[in-house]
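A.B. asks: Sequence:
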Amino acid sequence: MSFFYRLYTGDILSVPQLRHALQLIANKNESLHTSLIYDSNKNILMQRVLTRQDINNDMITITESTYKTDEQLNAIIENEKCNPQLFDLTQGLVFRCHIIYYKQISSNNILSDKDIIIFNFHPALFDYPSINLFLHDLNQAYKTGQLTTDNATTLRYIDYAVIEQQMSMTGASMFWLDALHDCKLDQSLSLPFDRYRLANEHRTGRGTSISYDFGQDLSHDFLIHASSSNIALEHLGLATYYVFLSKLTNGEKDLCIGRNTHGRYRDELKSIIGLFENIIPLRCQLDPHWSFQYLLDYVREITTKSLKYSYFPLQHILNQHSNTSKPAFLDISFQFLSSMTSTDNKLIMIGDSQLSSIPYTTDINDNEIRNKYDFSLLIQHDLNINQFSCTLNASLDLFNVQTIDKISQRFHSMLNQLFTSADNQMNKPLYEISLTLPNERLLMQSLNNTQVSFPSPLTCIHH
36 MSFFYRLYTG DILSVPQLRH ALQLIANKNE SLHTSLIYDS NKNILMQRVL TRQDINNDMI
96 TITESTYKTD EQLNAIIENE KCNPQLFDLT QGLVFRCHII YYKQISSNNI LSDKDIIIFN
156 FHPALFDYPS INLFLHDLNQ AYKTGQLTTD NATTLRYIDY AVIEQQMSMT GASMFWLDAL
216 HDCKLDQSLS LPFDRYRLAN EHRTGRGTSI SYDFGQDLSH DFLIHASSSN IALEHLGLAT
276 YYVFLSKLTN GEKDLCIGRN THGRYRDELK SIIGLFENII PLRCQLDPHW SFQYLLDYVR
336 EITTKSLKYS YFPLQHILNQ HSNTSKPAFL DISFQFLSSM TSTDNKLIMI GDSQLSSIPY
396 TTDINDNEIR NKYDFSLLIQ HDLNINQFSC TLNASLDLFN VQTIDKISQR FHSMLNQLFT
456 SADNQMNKPL YEISLTLPNE RLLMQSLNNT QVSFPSPLTC IHH
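Residue numbers for the sequence shown follow the working numbering, beginning at 36 and rising by one.
By construction, these hints were calculated from the structure, which means they are not laboratory data.
Do not rely on the hints blindly, as some may be mistaken.
Below 27 Å or equal to it, Euclidean Cα-Cα: the simulated DSSO-like pairs (lysine-lysine) are [unchecked claim]: (1) K116 to K149; (2) K407 to K288; (3) K361 to K219; (4) K407 to K219; (5) K178 to K149; (6) K361 to K116; (7) K282 to K441; (8) K463 to K441; (9) K361 to K340; (10) K63 to K116; (11) K305 to K178; (12) K305 to K361; (13) K407 to K116; (14) K305 to K340; (15) K116 to K305; (16) K288 to K305; (17) K361 to K288.
Could you put the whole structure together from the sequences, leaning on the hints where they help?
C.D. replies: Structure follows, in structure tokens:
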């Protein structure tokens, strides 16, 4: 899990000061010096917080290198993102910093605006919400040379693991057993694939991504409908996604997809760096005779209940279905994000210097991304302008780029049909919602209105 930063023009950072700050962060946060070892005798994963004596070395890896061209920089970045050999889970080496100097390593130990800083964390012990906590600690440690913590009152990362083991899981276990009753978890949705992946075929991780803005009018109608229906924007987006998946799969009624949850269900967990995210299945048993309005209420109910028990580990959910060899819901994902996207909100302060985040998260080239899902939808709400955008990601193992482009057009058309149509679609049955594109509708109307005249001697042939 890599994060890339660059200093603003004219700002500098002291490398020794940065190194010291990173050591302080590693010392404070147990997750950053925790080992995970599989015990084959007990068939369990053992977690152990290591001390400096255990590691017999620094708790973090700090690497320095140089680049002269964009190609060299991209190669370094790609290695940071994709090389599993950079970490050692058994030794607790799960956090590294890579300083990339432009042209040559600084002789005066100063970082400037053309240099790049990469913070890389093993995903087994770090999640996306943790980066804000990390950057807060980094700023404090860099400015003051120390980090304050109250060990007497602060919940530790290892405490969380113990608490989770001691929690009563009976209610959650019963809920998930009932929620997924008779669900064919290993049956993939019959999306319009261009090709299929064999059971033992390696997933390449190559994907394609198509994004577009809703625009002012559609965004306004989307907001108005959420408000008038008294439903969360995320639930509205999710309900729309279920309808879309059902249409794409020729009327599939039992739809199960994956959703990431932040897992910080206690306030004390919101200030701890570590991995708390959990993936849960969200199952929708859709009836095509329902109205969209009815579906909204249904989606709100199932999502609220599922999130209530989202602390139940995914592995426990899968253990309830031991006959499932490969859960297909992990391949289909939905995500909704609300964020401020102005420049000011992308700034990170370390001491008196400003850094900006560099979007080197997924790009491989102009047409490809790194993608762990077969098919996923991301809807983003830009709080600055109060408008929405969406991104469809799909695996190139299964889809052609042209297919996803056409699918994205159909989703956009369906959104307009649902939310901007003068004819109220909300109380009509779901089976009346169409993925037909406007130009396709015109073509069909043209064909239906075409009259063909035959010479009189010709007669119809009946079978």
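A.B. asks: Against each hint, give a clear statement of whether it holds in the structure.
C.D. replies: Right, here's what the structure says about each hint:
no.: 1; hint: K116 to K149; result: holds (20 Å)
no.: 2; hint: K407 to K288; result: holds (25 Å)
no.: 3; hint: K361 to K219; result: holds (11 Å)
no.: 4; hint: K407 to K219; result: holds (21 Å)
no.: 5; hint: K178 to K149; result: holds (22 Å)
no.: 6; hint: K361 to K116; result: holds (25 Å)
no.: 7; hint: K282 to K441; result: holds (14 Å)
no.: 8; hint: K463 to K441; result: holds (25 Å)
no.: 9; hint: K361 to K340; result: holds (25 Å)
no.: 10; hint: K63 to K116; result: holds (25 Å)
no.: 11; hint: K305 to K178; result: holds (23 Å)
no.: 12; hint: K305 to K361; result: violated (32 Å)
no.: 13; hint: K407 to K116; result: holds (13 Å)
no.: 14; hint: K305 to K340; result: holds (22 Å)
no.: 15; hint: K116 to K305; result: holds (26 Å)
no.: 16; hint: K288 to K305; result: violated (37 Å)
no.: 17; hint: K361 to K288; result: holds (21 Å)
Hint check: violations occur at hints 12, 16; the rest are consistent with the structure.
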